[in-house]
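Participant: Chain E: place on chain G using the hints.
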Amino acid sequence: MSLDIQKIRKDFPILSQQVYKKPLIYFDNGATTQKPRVVLDEEIKIYTQENSNIHRGVHFLSEQLTQRYEDARKVVQKFINAPNDHEVIFTSGTTESINTIAFSFGEKYVYEGDEIIISTLEHHANIVPWQMLCERKKAVLKVIPINEKGEILLDEYEKMISPKTKIVSVNHVSNALGTVNDVKSIIEIAHQNNVPVLIDGAQSIQHGKVDVQELDCDFYVFSGHKVYGPNGIGVIYGKEKWLNEIPPFMTGGEMIKKVTFEKTTFNELPFKFEAGTPNYVAAIGLATAIEYIQQLGLENIVAYEKELLDYATQKLESIEGLKIIGTAENKVSVISFNLENIHPYDAGMVIDKMGIAVRTGHHCAEPLMQRLNIEGTIRASFSFYNTKEEIDKLCEAIMTVKQMFG
Amino acid sequence: MSLNERQNEIIEEFSVFDDWMDKYNYLIELSKDLPEIDPKYKAQQYLIEGCQSKVWLFADLEGDVIRYSADSDAIITKGIAALLIRVLDRQKPSDIMNNELYFIERIGLQQNLSPTRSNGLLAMVKQMKLYAMAYNAKVGK
Numbered sequence: 002m003s004l005d006i007q008k009i010r011k012d013f014p015i016l017s018q019q020v021y022k023k024p025l026i027y028f029d030n031g032a033t034t035q036k037p038r039v040v041l042d043e044e045i046k047i048y049t050q051e052n053s054n055i056h057r058g059v060h061f062l063s064e065q066l067t068q069r070y071e072d073a074r075k076v077v078q079k080f081i082n083a084p085n086d087h088e089v090i091f092t093s094g095t096t097e098s099i100n101t102i103a104f105s106f107g108e109k110y111v112y113e114g115d116e117i118i119i120s121t122l123e124h125h126a127n128i129v130p131w132q133m134l135c136e137r138k139k140a141v142l143k144v145i146p147i148n149e150k151g152e153i154l155l156d157e158y159e160k161m162i163s164p165k166t167k168i169v170s171v172n173h174v175s176n177a178l179g180t181v182n183d184v185k186s187i188i189e190i191a192h193q194n195n196v197p198v199l200i201d202g203a204q205s206i207q208h209g210k211v212d213v214q215e216l217d218c219d220f221y222v223f224s225g226h227k228v229y230g231p232n233g234i235g236v237i238y239g240k241e242k243w244l245n246e247i248p249p250f251m252t253g254g255e256m257i258k259k260v261t262f263e264k265t266t267f268n269e270l271p272f273k274f275e276a277g278t279p280n281y282v283a284a285i286g287l288a289t290a291i292e293y294i295q296q297l298g299l300e301n302i303v304a305y306e307k308e309l310l311d312y313a314t315q316k317l318e319s320i321e322g323l324k325i326i327g328t329a330e331n332k333v334s335v336i337s338f339n340l341e342n343i344h345p346y347d348a349g350m351v352i353d354k355m356g357i358a359v360r361t362g363h364h365c366a367e368p369l370m371q372r373l374n375i376e377g378t379i380r381a382s383f384s385f386y387n388t389k390e391e392i393d394k395l396c397e398a399i400m401t402v403k404q405m406f407g
Numbered sequence: 167m168s169l170n171e172r173q174n175e176i177i178e179e180f181s182v183f184d185d186w187m188d189k190y191n192y193l194i195e196l197s198k199d200l201p202e203i204d205p206k207y208k209a210q211q212y213l214i215e216g217c218q219s220k221v222w223l224f225a226d227l228e229g230d231v232i233r234y235s236a237d238s239d240a241i242i243t244k245g246i247a248a249l250l251i252r253v254l255d256r257q258k259p260s261d262i263m264n265n266e267l268y269f270i271e272r273i274g275l276q277q278n279l280s281p282t283r284s285n286g287l288l289a290m291v292k293q294m295k296l297y298a299m300a301y302n303a304k305v306g307k
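Quick note, the sequences are listed as chains G and E, same order.
According to our numbering, the first sequence is numbered sequentially starting from 2.
According to our numbering, the second sequence is numbered sequentially starting from 167.
Bound-form chain G, shown alone (with noise of 0.2 angstroms):
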């Protein structure tokens, strides 16, 4: 079955949008995702008709939201495939999901020495916590290196995994060039030497099926936000032995079992990692979301999304003095590319008052960037709502600042 993208696009009330009286080209979702429809409806359904804060109250509405917070567990638990629900827990985004493991974990297995496995492509975000933790606890941080294709060096890897290593974090998918890498084989490696693994989905979770069963990753984390859901919503996935096994981040509110002044007992999983009120709207508007991509059909999303990809790739291609940034084997629907002399924040500015919205810069990954040799890039990244139309616009974009530039 093949998707009706028109029919899809009004789904997303935004996508009508017009910016400097041009109709709004979106090509930012690695950024974020916009909303469909239905996932704004619940939202407003919620707050108006059901608001209530959840466990331990003992009304109607308490109740009842309570019930549809914990299905909406249920549902994201479903759509990655974890083994149970309470290994399922509710953050604010994947920084947070990120954080929470690298201080807990931290906590528990990190002293003096030990090592810590990142690689050269990973996101802020996948970076700085766990130098914090190191900086902490006298830690080394070890980052895996990458080809000039964008691609993880698995051979160095494996020569760098040692019985000091402790953890390995690295993303499924990279933010900034698109490349997605074999998590597969990075964990198989990391378990044959009894080193866990977590994973960023961050960039992976909108494209395409993810089985944490199948990948048998340790740690899962992605945001809402990036999957069509709303803001302020993320996820961390753990296998409960990790999970009952490191202490809790963050405290207070639902994940304590018993308080004295004296001592506190901590409540069981998931409830141990949800200190304070969770964002239930945005939990239950995740689900939505969540439900809403299932209907369009995971594998109608990863072809029609390939075919953008592919068919951006050539056209961009044959731009004279456009060079794509990242040409990995397998990608996912990013393109991040430079223009011949010319700074890809003044592209930016000019593809952007085009009426077209791209990223330009180092997106979050500075140290990528200075792998690659480059001040940052411009950065195109599709979703199953943009079309072939749009791509062609962007490359007339791309004519025009060559023209004023060059």
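Hints were generated in silico from the structure; no laboratory data involved.
It is possible that some hints are incorrect.
[Claimed, not checked] So, partial list: chain E residues that the calculated Cβ filter (under 10 angstroms) puts toward chain G:
#, residue
1, TYR190
2, SER219
3, LYS220
4, THR243
For glycine and all other residues, C-beta sits at the position ideal for the given N, C-alpha and C.
Facilitator: Relative to chain G, chain E alone:
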């Protein structure tokens, strides 16, 4: 010409453009006319680091006025620097400190002023005013 007369002149020039592309083309032209910065000031210590483009800014006192020079690796940013220099160069430190740069909003560049736009405009204005404050203290002595 006073600082505000120069601002008004720029507002007048920009008033003929009804399209962003014309404004950008004009900024590109201005960037080409910006006198080159002495290479020795194109160094790390004169760099105003915005998120996306690099801006080098130097200021010196010449008599009782400030002389500014700047450069950027992005052309639009360089054009904006050229506008700022046109308004503030050869002005007295006290005038630079005490006058509002209202032309930025009037020509539609205010969207570049938010701290996160990071084209260095805000940082440039701040740095230019800081130089003025420093030299004002010196002139006052």
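Participant: Hint by hint, say whether it matches the structure.
Facilitator: Hint check results:
no. : hint   : in the structure
1   : TYR190 : holds (6 angstroms)
2   : SER219 : holds (5 angstroms)
3   : LYS220 : holds (8 angstroms)
4   : THR243 : holds (7 angstroms)
Every hint, counting from the list given before, is met by this structure.
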